[in-house]
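> The lines below spell out each chain.
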Amino acid sequence: MKIRTSSAFQKKAFELRKGILKLAKMSGGGGAHLGGTLSCVEILTYLYLVHNIRISKKNWDARDRVLVKGHVHLALYQLWSDIGLIKKKELQSYGKNGSRIHILPDIKIPGSEYNSGSLGQVVGIGLGIAISSKIDKKKYNVFCIVGDGECDSGSMWESVSMAGKLKTKNLIVIVDLNRLSEFQIFKDNVHKDIEKKFRSFEWNTKIINGHSYSELKSAFKLVKNTKKPLAIIANTIKGKGVSFMENNVNWHHKAPNKKEFEIALKEYEK
Amino acid sequence: MKNNKLDFRNVFFDEIYNISKKNNKIVFLTADISAYSLPKFRKDFPEKFYNVGIAEQGMVNMATGLAMNKKKVFIFSMIPFLTMRCYEHIKINICSHNLPIVLVGLGSGLSYDTAGHSAQAIIDIGIMRMLPELEIYNPSDPTSAKYICKRVLKSKNPTYVRLDKSQQQSIYNKNETFENSFKIFKNGGKNCIISTGVMVHKSLHVIKELRKNNLKIDLIDLLKIKPLEEKRLLKILSKYNKIFVIDENTFSGGISSILSEIFVKNFFKKKINFFCLKNTQDVGNYGNREWLHKRNKIDVKNLIKKIHKLSNG
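Those protein sequence lines, which keep their order, are chains B and Y. Just so we're aligned: 31 in the numbering used here is position 45 of the first sequence, and the numbers increase by one with no gaps anywhere. Remember, the numbering used here sits 14 above the position in the second sequence when you count from 1.
Isolated chain Y, as found in the complex (with noise of 0.2 Å):
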């Protein structure tokens, strides 16, 4: 494990910079969105690299152009103009020729947390995983992202890689292999949370708290959040007693709605709560990240003490 903060911008685009030395099918467009690792991309590879101006429906486009040419296109903007803006030009252009095109969306759950409605993304998860070509993507860690960057390159199916825009350390060593779509933190517990992106740090600072009181709970971190690996996911889950799922996201917009699906379908009997955000784009007046988990009861503190009594319970 490694103490240095990383923005998961430049992990990832560093990661197809490299990669776009050797594989001469990447194209890069952006719309109108920078980062600090952007620019070298830019000056190395000018025929590659697309601004498009603030003109996201273009650039979908543009890239089902380009990708109906066998181009790798990586697009990239913040999530809701990256996404509800174009939803319709994603779902016949993108996803109805099922194009390989990396959607990279900057600005997960809360990220642009004093920016309000228009840049937070709490609803994305939940009208992306309706398009049946797409798979969607959210790492947690500097790590991970690095690792997924790798696996979207491969893939045959249009993606969707949701990027934090906070900077965080890696939970995952170098040499994780990530081979399925999630991850487990076994500490021998009973029971079981279940989280993704950047509510993951907060799950894993929860479950260190209350192993001070002597509650041991697991952890699943849902890396590809579509498709689900659902039977090996039901599998591990049967074997504890109470689940709890963490998500900064809506309940309908998040994993919560997902993984309520698979419960019911599965007929699934287990004790689960969800702690998510409210179904409200008016996350709570202005204030940071940890200000707004407070507001909308998903901060450290609250969550210590709601898992805890529910644990005993």
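Isolated chain B, as found in the complex (with noise of 0.2 Å):
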């Protein structure tokens, strides 16, 4: 499945975020973590569905790899089951006991790089793997997907300043900024502040409106003329999509009620 036009990925989103409440709502919806996923959508459907990502089943060494906050697992589950690393029929058994398919993504699930669920990691990670691509003269891009609320973990800096050092170009960090993490509204002109940082680590960055095709569409086609790491800073809205979940701190990882999720299933229904 490649998405090529505006209105086709904007179909998309809306299809994903739909998708993402009915799973919610299946599991009853525990440890969704809706508003943090709603606000990445567009960011994960550009980089699976529009963006050449290579990628496949078949672990092959040249893969491009993609490390993401596992808490946009019901995103996640989706978006691999339309590039064909799992069953469609797979995503019935969330939440269900035995299921592989469970809140924060493992290695066990085709399309997962890494146990996740402990923030701060992946830059690290994905440095090192990076550096792999080098030692083995693989060419293959290495993405972290990580929240704002993760960009105040210390060891997530430790490899942001690492990389920089290294010049290591095929390493892009996305940062998916909605301004709220689970107990912190952060402050207007944060994307600025977080930009600063990387920039201090000699990194390239691009703050884009992370809901915009075009925007995003710019921002990627950065990726192949860095000569730096790249952090691409998307400014987004948490609980993008349902009117009472943006902006508001209380659906960081809230459960809905049975009458919340109706309400919010109509708002993309109507």
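DSS-like mimics (lysine-lysine), calculated; alpha carbons at most 30 Å apart, straight line:
#1 B/LYS43 - Y/LYS39
#2 B/LYS153 - Y/LYS57
#3 B/LYS124 - Y/LYS35
#4 B/LYS123 - Y/LYS35
#5 B/LYS151 - Y/LYS54
#6 Y/LYS36 - Y/LYS170
#7 Y/LYS292 - Y/LYS230
#8 B/LYS213 - Y/LYS39
#9 B/LYS124 - Y/LYS170
#10 Y/LYS164 - B/LYS124
#11 B/LYS151 - B/LYS120
#12 B/LYS120 - Y/LYS57
#13 Y/LYS39 - B/LYS94
#14 Y/LYS292 - Y/LYS222
#15 Y/LYS164 - B/LYS120
#16 B/LYS153 - B/LYS203
#17 B/LYS151 - Y/LYS105
#18 Y/LYS222 - Y/LYS188
#19 B/LYS125 - Y/LYS54
#20 B/LYS123 - Y/LYS84
#21 Y/LYS197 - Y/LYS283
#22 Y/LYS39 - B/LYS214
#23 Y/LYS84 - B/LYS214
#24 Y/LYS57 - B/LYS151
#25 Y/LYS39 - B/LYS151
#26 B/LYS43 - Y/LYS168
#27 B/LYS214 - Y/LYS57
#28 Y/LYS35 - B/LYS125
#29 Y/LYS170 - B/LYS125
#30 B/LYS120 - Y/LYS105
Residues of chain B placed beyond 12 Å of chain Y at every Cβ, according to the derived structure:
#31 SER(-8)
#32 ALA(-6)
#33 LYS8
#34 LEU35
#35 GLN78
#36 SER167
#37 GLN170
#38 LYS182
#39 HIS197
#40 LEU208
Derived by calculation from the structure, the hints in this document are not laboratory data. Backbone N, C-alpha and C define an ideal beta-carbon position, used for all residues, glycine too.
Quick one: dock chain against chain with the hints and give me the complex.
Following this line, the structure appears as structure tokens:
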């Protein structure tokens, strides 16, 4: 499945959001992390379905690597099924006892490059993979998607610093900057602060609207041209697409009740 | 037996260097800790050597990514910073993926005698053995350090090697095979000491002195602390009357608690005495290793006195 147009992109993002809510409802929504998943939908859709990443069920050595904050699992499972890594019917087992499809993806699931859940780790792991590609003389890219809350983590910046020094040009970090973490609201110009940090570590940076097809497109164009590691800082809206979830910290990982689910789904179906 | 003293680091890293000439999978990361034998590795294998700076957690994560791509990664720092500072990173990134990364920790026990709380490593075995996938090695001399380097290179699991900062003479022959995880020094004794690392040298000293009093004592050197060959160890120990455990770690932080668990689990009823550090990070003011051993009553003189008395009791 490849998406080539803005309208197809928007349609897919809409479907994905709907699917996220349905899956969350199916399992009762515990641990669904709806807020930070809904903010990340366009970024993930662009990466997996628009950008020409090379990925397949076979874990061949030169595949592109995507290391994502596992909390966005409800979007990931659907995208992994879209590109044939897992079967669509497996999604029906989400949240059930014994299922491998659960709250934080691990390496048992094709598509997940690592056992996710511990934040502040993917840039370092990604850096190691990127250096491997250099040693092996293989050309592929390593994409790491982190949240803004994750950007508080010191171990992440240890790796950002190292990647800058090594000019690891095939390492790309995308920050899903939705301005809310579980227990804090970030200030208005946080995107500029985060950009400054990346730049001080000698990274290329690009600030975009993380819901815009054209802006994602312009940012992903830099992937090929960069001589340094690249940070795409994507301004997003937490809980995007559901009126009462947008910019509301309560929906970081809260499970909606039956009524709230129905209202949310109705918003998509009208 | 050789008389010249050698540095554990140099023996271990020289071995890595030599193997790297043939094995292109080896990558070495250090958190800004040097060793005499490292610069030549950096010079000859520039793409395989990275000094990440004082950023141990970043080093663990970088090693994870490299090992995921089939590199044999050695990571090197002082024990407290390599293990405790990075514990959760090691748990989830190295161990939950079961990556065969080698953690090389410098300064076992009171190696950093005068450096105090921050650098001493007297509880690391205790915390590291909680990681199910991790193997733990504690070489007692340069020969076993060299052998352990070869062994961890072949291991398919994550491994942790503790290197002492002191220089020591070899107690093993160059041709020693080290097939098992521990070695026995048989002297025809009815009692046996179990020890590990540098304390094996101390134990040998104690045994030599007691022999002058016609007291023969055997010795077991635990080179691989985890997993231990429990059955074999218990079978051997069942032949002895009394067992003395000598360790330069706290009780719960070292081999004492490991052995206690094995004994209790297997209804092993023998008289066992433990000589280890008190359960405190304050090992006793400023002083060199010998002085600290005296403070903690694990110096040779005290051990001779105690073991002599207990053996006759």
